[in-house]
Amino acid sequence: MTAFLRIRELWKSFGSFVALRDISLDVNEGEFLCFLGPSGCGKTTLLRAIAGLDIQTSGSVHQAGRDISSLPPAERDFGIVFQSYALFPNLTIARNIAFGLENTGVEKSEINKRVAELLELMGLPEQANKYPAQLSGGQQQRIALARAIAMSPGLLLLDEPLSALDAKVRVHLRHEMKDLQRKLKVTTIMVTHDQEEALSMADQIVVMNHGSIEQVGTPNEVYTRPVSLFVAGFIGEMNQMSAKVGGKNRVVIGDLEFACNTGGLDQGSDAIVVIRPEDVFPVEPDSGKATPENSLKVHIDAMEFLGSFWRTHLTTTKLGGQNLIADFSVNAVQRLKMQEGNDLMVEMKKSNLIAFDAKSGAIA
Amino acid sequence: MTNWKNLLSVSVLAAGISGTAMATELTVYTAVEAEDLARYAETFNKDHPDITINWVRDSTGVVTAKLLAEKNNPQADVIWGLAATSLLLFKAEGMLEPYAPKGVELLDKKFVDKSNPPQWVGMDAYVAAICFNTVEAAKLNLPAPTSWKDLLDPVYSGYLIMPNPASSGTGFLDVSSWLQLFGEEGGWKFMDALHNNIARYTHSGSAPCKLAAAGEIPIGISFAFRGAKSKAAGAPIDIIVPSEGVGWEMEASAIVAGTDNLEAAKTLLDWSITKTANEMYNTGYAVVAYPGVAKAVEFFPPNLSDAMIDNDFEFAANNRTAILEEWSRRYDGKSDPK
Amino acid sequence: MSVSDVAPGPRIREKVGRDAWIQRGFILIIALYLIISLALPLYAMLSKAFEVNIYQLDQFTIAVSSEDGTFPDLPRNLADINAEIGVLGPDDMTASGDGRLSLTPFFPDFSFRSPVKYRIAGVDDSAVFLVGSERHSGKVPVEVDSNTFRKVVIRPLKAHGFQNFARYFSTPSLFQSIGNSVMIALVSTVITVTLAFWFAYAISRSCMRFKGFFRLVAMLPILVPSLLPGIALVYLFGNQGILKSFLLGHSIYGPIGIVIGSVFFTFPHAMLIIGTALSISDARLYEAAVSLRASRWRTFWTVTIPGARYGLISAAFVVFNLVITDFGLPKVIGGQFNVLAVDIYKQVIGQQNFEMGAVVSVILLLPAVLAFAIDRQVQKRQIAGLTARSVVFEPKPNRRVDLMWFGYCAVVAVFIVGIIGICQMAALIKFWPYDLNLSLNNYNFNRMDGGGWSAYGNSIKLGLLTAIVGTVVVFLGAYMVEKTKGFHRARALFQMLAMLPMAIPGMVLGLAYIFFFNNPDNPLNLIYGTMAILVVSTVTHFYTVSHLTAVTALKQMDVEFESVAASLKQPFTKLFRQVTVPVCMPAILNISIYLFVNAMTTVSAVVFLYSTDTALASVAVLNMDDAGDIAPAAAMGMMIFYTNAGARLLHSLGSKLILKRSEAWRRR
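Protein chains in written order, with my numbering: chain U, 263 to 626; chain V, 64 to 401; chain P, 1456 to 2123.
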């Protein structure tokens, strides 16, 4: 099966500045895809190129088998929601939604029916005759979405659609949008800089940096198996430690040696080894077992209670002056009577340690 | 570009042809006072109802500038009622159509261009005069002047006003008459002394008399016709004709070379020198081109035509630039009014 | 791994959709409009300034007969004769377009009584000489006797060079105007900005009463032509003036009159700019000053003045520019005090010296362009400093201080209302100062120079046409610059052209139009002398402020509206009609009223362009004043005032209605 949206060797430059570098990407029909990356990484530029709003310098875009590389936006097939929603302030909600349906040969009564349907879908059936300024931010966002899908486009583009909302509404709308997308089965691309948003909503995440794609994968893949140091650092919390490759699948961090998959890295080369805070486990002192592999003694320097878990700052002299952050469950903290000032044994399992080439940032 | 021109001339020609069939429209440039124009057109149309006149009226300076600017693109068919000095400028530019109107031999020779056939014909003369506000003069103890030289008396310092010859035809006829009356050297010496008494120079020729009439400045060097009008309006002024003689300017008419309505233009020019026309001019002007027509005009000083100097228009026209340059050099740089 | 910075594939060219074609069409049309109405005329004017008239002596040959009337010698070239005896130096060869050179000085033994005859000929057809007033040209010799030879003059030929400028700077009566103009503009600027600053300060920083009334009065001068204060000053301080003794023997005709009048007509402009600057200053700074126990005086110098400094600088440049380019006021009240703007008029209308008019125009362009350029820089910085949110200052009542400010504003208001009132009074008095009965005689415009009542009708027509055509052109132009994609270079050029009119004095624009449109080779000369050229010149003259108003309004619209419409496959024209125009309606109305009021009052550009059929009320004021009919001039000026006041009233009613109807969707 060929992809619904097929991007090949796409470049975009503004003068001498290269905003997108050799982007190739496939998006399957019905998929919810997120472009995730820091500001300036080119994610919005890529979205606008797909929409034809700022056409690429070179490279091709095919949608549903059709070459749309050089078409103006009006000749493409997409709906779009912007961060600002861009609702027409002087038109009622109903007319905003109907804007794209007018002049298309559709009967007026049909239009009204469709608008009512969409308002129903959005859970805002009573707002038809209000103006955008009379609605809350969340309501406006849903109207913008309704307008974008009114013509049943093949592709829905969302440019940071939630970032103008406050935190609570944002979380709520995440679910609604995801549900809606599932219901409509419309291929959707959302641009966001919020990793939580991407992780919770996307089927596939495209992590971008400096105009290039770093990794494409499911939320679980990019979280647990980052393919580059950038992805590892950008998504979620991560302990990063400078290390040297001590041998095949052995790394030396400070004074200690750990078992860790070193892939193709040469012995003696510099590496960065990372581990997520939740993957640093406490070793039960009275378990009676032998001290497990990859464990070390640390000092609890500080503890922050974050509700569902404790974030602890662990210090040690053994790791060459590098310290650790670990997230422990409330349960574990109680059980092990952890408190600031105590010492503790922790384990960093081989399967949880990931080594990257220190120079290129690529996975080992 | 040539295509455009052709197209234009064709359409103009077409307009011309259809025009003669119905009524011809003549575009006439004039500096005749606004209130007289309607009367002129009305009288003319009594004899020639088939010719409609589109007036383009403005002050002498503006009309002259306009015609010169349109030298290569003339918009006017006829000039009717513009200073002869201006017409001489146009003549020198080759802008006028030579034509001897019917009956031109009946006119006073002074009023006809010397070329044969003449390129312009005169209508009437407007004559320089001093407007003297008796009320203000009495307040200021100013004696009434009787001659140009009287005006040099320091007692008048700051109480005289005259038009700027660079912008006003009246101003220029004063200056050129003084140069002719007192000779070149004497003329400038006279003006040097006069300059010391002048409060300011106005842009328009009628303004000094109106300002004198309003008492703003008690003595205005202007022209007699304007003074008579102000006096008729109730201003406390006397119109004084200086004893040395007064400069004058002729209002004249001509056909603009290259007009598409030559026949109608000739008709208008023929009519403009008829007795009827001259009688009409006489309503405002005491001196007209047709001998024996002139009757006294109310409030006009008697025997004004005797005081008119033998004006050399050619001298005035050919030396205009040089005179104005000299005048500006001497008096225009003065930044502070006395 | 080496990273290439160059895209390897072929460059993608966007397919041009229907919208893009339409937009390109519009951009082209409006850019063309600005090029035709601005760039080309200015170019024509510049080249005119370098057009000189030179006596080409080598174009003429002269043969001299012996006393018996035979011509034994071959004709000699005039240039050779001059080289031999040196009548004219190289500097004497330039003339004005109307120049004439007598030939007798070239023949030292000339006597008009001599029987010697002369034969004059050109070497080709371009050489022109006059015998008396008779024009001759060409190679056929003209024979004249000695007496007639006195009347032979040669005419100069057109060439290009810097001689006009050399002539300008060697003529004191001309170049003195530069100093005069700059001096007047500087003095007026200092006085206006000072008065306007305290006035705006009183309105924004005190709790005095009748603030709304004072604000209204301060805006009145915008509604009248700049000539009107000149006329009022004649009645107030002229030789028959009511308050003549106030001047202690000085004459109102000259710098004093120009400065007082300039202060009057520039006051609202300065007040608006400074008022805006003061109203945006941050109350938190004042609270900080109070908490630091800073004295009022210290607070003023450390908080108020720095906060308003860009406004003050901007106001100063705007006033300077208005004064130095104004023509009407110095024309009416300037007396013998020459300024640049009036010099242009005198050169062109008085002396028909178009080349020198163009030279003065170029000179006048310099300070105006300079002031404009500096002002633009300052405004850019002010916008940058404005982005932070600040707290609006709320003045606290202080009976004594408020009373003082009330007194000050009342004096200024009396000055403004007095100037306008005295004109109305003058218009109604039968024959000042001899017959003080009231009459409407002065409204009998048809009996005066200037165009009569039809001029008033024409002005209203011009005002309406300018408002309609101008608003459409300006708003569409601003929309294209702001809201279209691509064509970066074309848009940058357009933006520059749109900013240019502000720096072009009206007189200069008018003169440039003569040179450009009154040219038989220009197909557009069809509009010369019609209402169309007046509309075009007025729209162009007032383009910049209108354009900035439109751009500001458009900038407040969401930048993605066009993208949304495109994604919904709707043409931009629908968006423009249904959203852009309704949302920008207040700005559109502001542009039209601005254009209308200015079309009613402007004199400078149109004074060169009106014809008898299109005489205008503002020009009629000028011409009636020129002819000494001061009272009718005042009467016509007041007609303009009432018309503008009425239009303003209609405008504010219309705006209120629209705002009320759109209350539901407009955010407060």
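Among the hints, a few may not be true.
Claimed, not checked - Some but not every residue of chain P turned toward chain V, in silico, with C-beta under 10 Å: (1) Asn1602; (2) Ala1744; (3) Ser1746; (4) Leu1747; (5) Ala1749; (6) Arg1751; (7) Arg1753; (8) Thr1754; (9) Gly1790; (10) Gln1806; (11) Gly1905; (12) Asp2081.
Hints were generated in silico from the structure; no laboratory data involved. For clarity, every value in this text was computed on a predicted model and none was experimentally measured. Backbone N, C-alpha and C fix where the C-beta goes; we use that ideal spot for every residue, glycine too.
To see whether the hints hold, each was checked on the structure:
no.: 1; hint: Asn1602; verdict: 13 Å, violated
no.: 2; hint: Ala1744; verdict: 47 Å, violated
no.: 3; hint: Ser1746; verdict: 55 Å, violated
no.: 4; hint: Leu1747; verdict: 52 Å, violated
no.: 5; hint: Ala1749; verdict: 47 Å, violated
no.: 6; hint: Arg1751; verdict: 43 Å, violated
no.: 7; hint: Arg1753; verdict: 43 Å, violated
no.: 8; hint: Thr1754; verdict: 44 Å, violated
no.: 9; hint: Gly1790; verdict: 4 Å, holds
no.: 10; hint: Gln1806; verdict: 5 Å, holds
no.: 11; hint: Gly1905; verdict: 8 Å, holds
no.: 12; hint: Asp2081; verdict: 4 Å, holds
Checked against the numbered hints given earlier, the structure breaks hints 1, 2, 3, 4, 5, 6, 7, 8 and satisfies all the rest.
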